[in-house]
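Following the hints, position chain B against chain A.
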Amino acid sequence: MSTFKIPDEAVRIYVDRPLTPEEKVDGKFVQGTAPGPDLVNPEIVEHEHRRDLDTGEGIICIAVRPGETLGELYVNVQFEGQIGKYEDCMAGHNRLLLQASDWLRGALEQLLPQDATVDVELVASPCPDAKTRPPVENAALTILEGRIVYTTSTTNVSRNVNTSTLRNQQEQQP
Amino acid sequence: MSSHTRIRSRPRDPIVHTKVSGRTALSLERVLGSRGRTVLEETLQKSKMPQAQKWAPRQDGQGGFTTVVQGASLPGELVQRGMQRLELNIGLSAANAFVTHNATFSQTQPVMAKEVNAAIEKIVVANVNELLAAAVAAQLQQQLMNYSTQTLDVHVQQTNRQTTEILARIAQ
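Protein sequences appear in the order of chains A and B.
Heads up: the first sequence is residues 1 to 174, going by the working numbering.
Heads up: the second sequence is residues 1 to 172, going by the working numbering.
Be aware that a few hints might be false.
Between beta-carbon pairs, the in silico distance windows are [said to hold, decoys possible]:
1. ASN89/B <-> VAL25/A: 51 to 59 Å
2. GLY106/A <-> VAL68/B: 32 to 40 Å
3. GLY32/A <-> VAL68/B: 35 to 43 Å
4. GLU77/B <-> ASP52/A: 47 to 55 Å
5. THR20/A <-> ASP153/B: 36 to 44 Å
Simulated from the structure, these hints should not be mistaken for laboratory data.
C-beta: ideal position from N, C-alpha, C; glycine also.
So that you can see chain A by itself, here it is in the shape it has in the complex (with noise of 0.2 Å):
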């Protein structure tokens, strides 16, 4: 039986201007820069790529890099829809990123001895202009059970793009 643990500071969102009165109640969001690896594309969030885009359609980006200890990799999940369309463009990055957990999840199954111990850190960086909040706490928890839960909670929020950076490190042996 594998353990999974999430410590209550694993999972967070930066947002880049002081907190509304609602964050600062919401408890995950911080003032800032995500820290860690910058593994944003910054090609796809170009206008000319996302001109001709119609509706619910985006581009995304998938990047994995390996970490320093052993056992440790970054995975982030990018999602750029039409311009100007904020909520959705936001709305396809949560599905991406509650869907890219639960393969993410699958992947660590195929790999990972059964009793592994897994940590995940998890950080968003949303969108500037869409007020729906990630759903970090659920994906933190689909990759660790594999339970997908839509959220509909919003917010305001605030950044430049819409990605997030799941972190995996496994344990390593004593």
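Just chain B now, with coordinates in the frame of chain A:
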């Protein structure tokens, strides 16, 4: 009345010279399951990673590959101590990574084996993590192909930051 004297014994650290060879083992039991090894082998055989070209299953059931680290890829602290080239033969099993190494130094200045071993472990960890990342990326790519009713233009690129990017245009 009493007096305290603190004594720390200092283990002797073997000194290595211009050419050094050795063998180390890194436990992967907590990282890699038995199915994980199969997935890794498949990933290596299918991928375009340099290691894949050198991947060769061996008679003892392990797979292995050779990697040569030199120039800017060598750990800075060892370059300062004269390391020019480090060849690693890495064998992977479900439980362990066995590594034999051959390091070449340009100077006769002594270098502590502990420093060499720490650098080698770092490189081996980086290699194992690269394999894990490649295996995860391959599975995510496969899943992405079936994600949307219209997943278009899926392609994969390796950036110069050791990052694998799976790019796609999708319609939901």
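Indices of hints not satisfied (ascending): none
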